[in-house]
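S.K.: Residue strings, one per chain:
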Amino acid sequence: MTPEGRAWVRENILLGQSVRDYLRSLVTPWNLVGAAIVAVGLPVIIARFIWGLGATTNLSNTNPWGIWLGFDMFFGVAIATGGFAMVVGVYILGRTEYKPMVRPAILTGFLGYALAVFGLAIDLGRPWRLPYPLFVSMGTASVMFLVAEHLFLYITIQFLEFLPAAVEWLRLRAVRAWLHRIHIGAVILGSVLVMGHQSALGALFLLMPTRLHPLWYSPYLPYLFFASCVAGGIAMLVVESLVSHKVFGHKLSHNDHETIDRLTLGLGKAAMFALFAYLGLKLLSIAHGMSWNHIFTGWGAWWAVEIVAGIALPSVLFLLGIWRESATLVRWGSVVTVLGLLLNRMNVAVIALNWNLPDRYVPSWMEIAVSATLVVFGVWIFRWIVNRMPILNRLPEFPDHD
Amino acid sequence: MTTNTTNTSCDKSVSRKDFLRLMFLGGAAAAATPLLPGTASAAPRIELHKDTLAVLIDLSRCIGCRSCEAACNEANHLGNHPAEYESDKVFDEIRRTDATHFTVVNKRIPAEGAAPVFVKNQCMHCSEPACVSACPARAFEKNINGAVTYNPDVCIGCRYCMQACTFAMPAYEYDSAFDPRVRKCEMCFHNIDKQGAPACASICPQDAIVFGRREVLIEEARKRLEKDAGYVKHIFGEKELGGTSVLYISRVPFDQIGFPTNLPLEPMPKATYGFLSTIPVLHITLPVLLAGIYSVTRRRDDARAEDDHE
Numbered sequence: 001m002t003p004e005g006r007a008w009v010r011e012n013i014l015l016g017q018s019v020r021d022y023l024r025s026l027v028t029p030w031n032l033v034g035a036a037i038v039a040v041g042l043p044v045i046i047a048r049f050i051w052g053l054g055a056t057t058n059l060s061n062t063n064p065w066g067i068w069l070g071f072d073m074f075f076g077v078a079i080a081t082g083g084f085a086m087v088v089g090v091y092i093l094g095r096t097e098y099k100p101m102v103r104p105a106i107l108t109g110f111l112g113y114a115l116a117v118f119g120l121a122i123d124l125g126r127p128w129r130l131p132y133p134l135f136v137s138m139g140t141a142s143v144m145f146l147v148a149e150h151l152f153l154y155i156t157i158q159f160l161e162f163l164p165a166a167v168e169w170l171r172l173r174a175v176r177a178w179l180h181r182i183h184i185g186a187v188i189l190g191s192v193l194v195m196g197h198q199s200a201l202g203a204l205f206l207l208m209p210t211r212l213h214p215l216w217y218s219p220y221l222p223y224l225f226f227a228s229c230v231a232g233g234i235a236m237l238v239v240e241s242l243v244s245h246k247v248f249g250h251k252l253s254h255n256d257h258e259t260i261d262r263l264t265l266g267l268g269k270a271a272m273f274a275l276f277a278y279l280g281l282k283l284l285s286i287a288h289g290m291s292w293n294h295i296f297t298g299w300g301a302w303w304a305v306e307i308v309a310g311i312a313l314p315s316v317l318f319l320l321g322i323w324r325e326s327a328t329l330v331r332w333g334s335v336v337t338v339l340g341l342l343l344n345r346m347n348v349a350v351i352a353l354n355w356n357l358p359d360r361y362v363p364s365w366m367e368i369a370v371s372a373t374l375v376v377f378g379v380w381i382f383r384w385i386v387n388r389m390p391i392l393n394r395l396p397e398f399p400d401h402d
Numbered sequence: 001m002t003t004n005t006t007n008t009s010c011d012k013s014v015s016r017k018d019f020l021r022l023m024f025l026g027g028a029a030a031a032a033t034p035l036l037p038g039t040a041s042a043a044p045r046i047e048l049h050k051d052t053l054a055v056l057i058d059l060s061r062c063i064g065c066r067s068c069e070a071a072c073n074e075a076n077h078l079g080n081h082p083a084e085y086e087s088d089k090v091f092d093e094i095r096r097t098d099a100t101h102f103t104v105v106n107k108r109i110p111a112e113g114a115a116p117v118f119v120k121n122q123c124m125h126c127s128e129p130a131c132v133s134a135c136p137a138r139a140f141e142k143n144i145n146g147a148v149t150y151n152p153d154v155c156i157g158c159r160y161c162m163q164a165c166t167f168a169m170p171a172y173e174y175d176s177a178f179d180p181r182v183r184k185c186e187m188c189f190h191n192i193d194k195q196g197a198p199a200c201a202s203i204c205p206q207d208a209i210v211f212g213r214r215e216v217l218i219e220e221a222r223k224r225l226e227k228d229a230g231y232v233k234h235i236f237g238e239k240e241l242g243g244t245s246v247l248y249i250s251r252v253p254f255d256q257i258g259f260p261t262n263l264p265l266e267p268m269p270k271a272t273y274g275f276l277s278t279i280p281v282l283h284i285t286l287p288v289l290l291a292g293i294y295s296v297t298r299r300r301d302d303a304r305a306e307d308d309h310e
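If you read the sequences in order, they're chains H and P. Going by the working numbering, the first residue of the first sequence is number 1, and it counts up by one from there. Going by the working numbering, the first residue of the second sequence is number 1, and it counts up by one from there.
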């Protein structure tokens, strides 16, 4: 390697340290926790591809979907909606004050989707045929086809939206200029795709009125999924900025607390309105389905937990937070919103599905290890990129012009 | 019990599929659809072909000998030991279909002290199947002779068909890492021409399983219900989910022997028509709407910037 090359690696990959110092800097308590999880999860992923789903999961003929779909896919994609919400807010609606949050939001979204597809590839029986629905044998009457097509296109769009940070890091000026030209087109096309596939993920369950519990089954499922992913995606941005502020505080270009608190309040307001819409739709779906008679059963109690703790509670936290101008309350509201979204997706895709069939599904430890591994990968990749590319800060030679 | 109409081709598959494919392929098709309100819901209902074949199962005749299961094992090369079909132990629990059992006979006790009823379960071969509409890779096909068949060569293994099936019939080869298939009864589609009837229908010593044209079988079932007041006045599968190619009659109410009751009479895929038809509308109108808002926002920002300059 030339001396210039070595200097470049040292500066851009090793964060200005020698190899030994860099490796030593990686030994932190949290990294050890992460490494322990990956040390369990990675062999399980390999085992799944050698011995199959039967050897690694508790999936059955009656319960063919487990947490690799419920958690990795349905929840993972839903909380990744923040990137969409942010580009629409900033570039379409012109709320430019949120510009500093756009790049972390896009990165969160891109990684969320990429990992969801990675999880899907582990779950699919024949992942090497992923392109089949897109190019080879298109099942165009299928909602799943719609999901596949939209996910594929949207991940491409998200990659294009993320790319400016990468090419600035690599100082590729020509590519940067070209990306600037296609930017608004990508934003608009991406937004359409998000609305399409987020609602389609809910529409997947429209075929299951006899298998999904009546308190969760509704013809409104597509709209319930969309409303909740907007709320959850925005809430996830607040959670992510909270963590980023603690971990990467020195990098933030909007580092004063006042600015961050003001933006957090604004995001809280947006998430609150989305939650209100979601709650209204949720109650309407029960009224429309005449499913009130299920409320006073065990399933009804579980449903009430989702509604009260997962939607009503964060709505109140947001309301109080905005009223008292307390960013702390909004942050709490955001954490609860994300957990409520997790509960909903797990209920629809796993827990309340096949509720009246004899065998119940409980994930195996191996399934949990793989899902946890994907989360660790997400955190590690996010951190690796933020530490190197202009995500939270801007490079002086590339001013903020889009 | 055979008919000579089994050689109908499988290329005349459901036209709705082609219709929806058009909706997605090409902007022109997509652009035209939003102009026709309710296009997809007006998609042609599958009218059952007059030669559609079916199986009529008379539960009052079944004695639980399980020779149908054994015949299925042999005809589909499922690889189970023949001795498995001689033991009555299997009746101790309610079984479901799995990757090597396309049909199972369960012993159901309708009420305490009542005589048991043996119920044979397998794919119902719906006239407009949820699995066909669920599959993103077109691995399933409703053939014009009634059979719902599966093509492992395009299956990606998402298992949506298994979730989508109202009767939870498709099973999966979870133990295969390299070529796992969805497995289910295909009405012996591949050798029906040779054999003239599905293996289970050919072997049944009680004539409890009858194979033939669906129209004819429904008439036959009606005759039996009329002649004998002991039968429940219902042909399960005649109207359920838009009709199935497996029909049941029974002397014991269906809800007491494990049949789902209150099934919708509409074909299950109808539940997704409305949603699917909004997607092209979304694709056409949203970009225009968003671009419109963007241009207003931009003009406002430009005006502001100008004001700042002055």
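Please keep in mind that the hints were generated in silico from the structure rather than gathered at the bench. The reader is advised that the hints may include incorrect statements.
Simulated crosslink set (SDA-like; lysine to any residue; CA at most 20 Å straight-line) [unchecked claim]:
no., chain 1, residue 1, chain 2, residue 2
1, P, Lys270, H, Ser285
2, H, Lys251, H, Lys269
3, H, Lys99, P, Thr297
4, H, Lys246, H, Tyr223
5, P, Lys107, H, Pro358
Computed list of chain P residues with no C-beta within reach of chain H, every gap over 10 Å [claimed, not checked]:
no., residue
6, Ser60
7, Cys135
8, Asp175
9, Pro269
The C-beta atom is built at its ideal place from N, Cα and C for all residues, glycine as well.
S.K.: So, for every hint listed, does it hold in this structure?
M.R.: Taking the hints in turn, this is what the structure says about them:
{"no.": "1", "hint": "Lys270(P) <-> Ser285(H)", "in the structure": "holds, 19 Å"}
{"no.": "2", "hint": "Lys251(H) <-> Lys269(H)", "in the structure": "violated, 26 Å"}
{"no.": "3", "hint": "Lys99(H) <-> Thr297(P)", "in the structure": "holds, 15 Å"}
{"no.": "4", "hint": "Lys246(H) <-> Tyr223(H)", "in the structure": "violated, 35 Å"}
{"no.": "5", "hint": "Lys107(P) <-> Pro358(H)", "in the structure": "holds, 16 Å"}
{"no.": "6", "hint": "Ser60", "in the structure": "holds, 26 Å"}
{"no.": "7", "hint": "Cys135", "in the structure": "violated, 5 Å"}
{"no.": "8", "hint": "Asp175", "in the structure": "violated, 4 Å"}
{"no.": "9", "hint": "Pro269", "in the structure": "violated, 7 Å"}
In summary, the numbered hints that this structure violates are 2, 4, 7, 8 and 9.
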